[in-house]
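**Student:** Below, each chain spelled out in residue letters.
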Amino acid sequence: MTKKLYIENYCSIKNNKVSLNGNLIFEEGSEDIKSFLKSVYQYLDPKYSKFFKMDALSKLAFLSAEILLKEEAKKNIAIILSNNASSLDTDRKYQDSINDKENYFPSPAVFVYTLPNIGIGEISIRHQLKSENGFFVFDNYNANFHYNYEKILIQNNKSEAVLAGWVNIDEDSYEAFLYLVSQNGTIEHTEKNLKQLYNN
Amino acid sequence: MREAFITHHNVISSLGFSSEENFEHLRNEESGIQKFQRDNGDEYYSSQVDKELINNAFSKIGDRTLYTTLEKMMLLSIHSILKESNLKISQKTGLIIATTKGNVDVLSPKSSFYKNKNRAYLPELGKQIQQFFNFKNEAIVLSNACVSGVLAVAVAQRLVKDGMYDDVIIVGGDLVSEFILSGFTSFQAISDQPCQPFSKNRKGITLGEAVASAIVSSEKSKDAVQVIGTGSCNDANHISGPSRTGEGLFLSVQSALNEAGVKSEDIDYISAHGTATNYNDEMESMAFGRLNMLHAPINSLKGYYGHTLGASGLLETIMGIESLKNNTLIASKGFDELGVSQPINVIEKTETRELQVFLKTASGFGGCNTAVIFRKIAD
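Chains as they are written, first to last, in my numbering: chain A, 1 to 200; chain B, 201 to 579.
Derived by calculation from the structure, the hints in this document are not laboratory data.
Derived pair list, reagent style SDA-like, types lysine to any residue, alpha-carbon separation capped at 20 Å:
id	chain 1	residue 1	chain 2	residue 2
1	A	151	B	201
2	A	4	A	191
3	A	93	B	318
Taking CB as the label site, the calculated pair distances span:
id	chain 1	residue 1	chain 2	residue 2	range
4	A	32	B	333	33 to 43 Å
5	A	172	B	538	44 to 54 Å
6	A	104	B	401	27 to 37 Å
7	A	195	B	552	51 to 61 Å
Quick reminder that beta carbons are idealized off the backbone N, C-alpha and C, glycines included.
Given these sequences and hints, build the entire structure.
**Tutor:** Structure, rendered in structure tokens:
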């Protein structure tokens, strides 16, 4: 039987602002991404020191998930994330470390973050989600694909809920829009609603 | 209920430019791994595709100066399956590109595309492929570490069964670049000999490069196999090491078995990930033990191709399909003495045997795992 699906909660982190379900919950004028993400971490206070080892993309994904999953009891939550720049922000840093033969210092701790799905791994570890996951790359947030794939996962009992959305870091710009799809909530899970919430 | 089938496929690797040619080499237990030299003079083993062969083949379908090596391989591979299948691209045709690192080699100042800053972006790779064949829909680029290739099969099966698309072209590919080589070397994960999956004497991975492509369709054709079950679960344990108990892999296979409606004893053959690192191979043996699959003949094709990253899951799926079609189990190259704690049934000698159902698995960084089950269908 077809389940009725909703966007249970959604959040965004962009332009020095953090909002949950359309309401501003945190704002700070920081000079760069790193210090802004640190201030969001301090505001959420998850007491999770692994955070400081992560690259910016994983930090952004981790913090968005923290906002949405803080009081979440469901465990079979799939994670489906997408972005435009994959892990290029860290790829460039890693490439710089191997360009110069005189100054050659490839680091395994940096190399591991040259994969966009590592942030999904970080969220999975933090919330103990042994569930479906996938990282996709598009020009812009692709509501059509997201809507269809999220629906498929829940309707085919691959997961009970889906944590999904867009998390992008590229040089000085950052943007996260994450949401939880489940059978609870009031905003219907449709392509149109996803597009609208993303554009807000 | 709609079903999904793999109807056509192609592999471009050190062992040839078609699936048949590749399988013929496997049947003869011929590996594509050779000795190469890095920029700093260090020697390493790898399986790589002759770039001159790629350029010569590509000249027949396009301008070789306009595309990166990876793009040329992907275009050639897709060109081959489109020609063979006569598929007409419509609004209901999807495109999935699976890659771990895409055109990352263009970040190097040595690349002829270095000044073209856009080329390193994966959506740009998607556009090059989409525009070449005039696909109507934006490419879905899937970048999920080393499971990307087999996860692409799972995603395509789901989108086809659901009806979003009637056909999905999937292509998986990665190159051996200084970026990848230096990274895995920094992890001390690279073997100084051709890799030996599941062996007591294994010393780590061998890197390889390849491109593989396939059509996943709602309509079956001659020689098609059905994609009957899929699962992709995270270990939730560590970002760069597998779970000791194989939890994510165990859950992925269970999910695929449930969907397929088959039991562990129905699996005739397992095409494992088998990277030949200590932790990976041990983890896989634990998962297959927990799944009661120790009976099933198992191999890793990494001894023939090395680890081809985002291509590997699809490449090994296609060789598994050839195994079903030819009723032939391929010896797990490099294996000598069992070096994992569970008594898995590693294929030591290539043999013919009636095969119906096979399981393909993969695992990767970020704790990801994927399992897909395939069944031969009657003509």
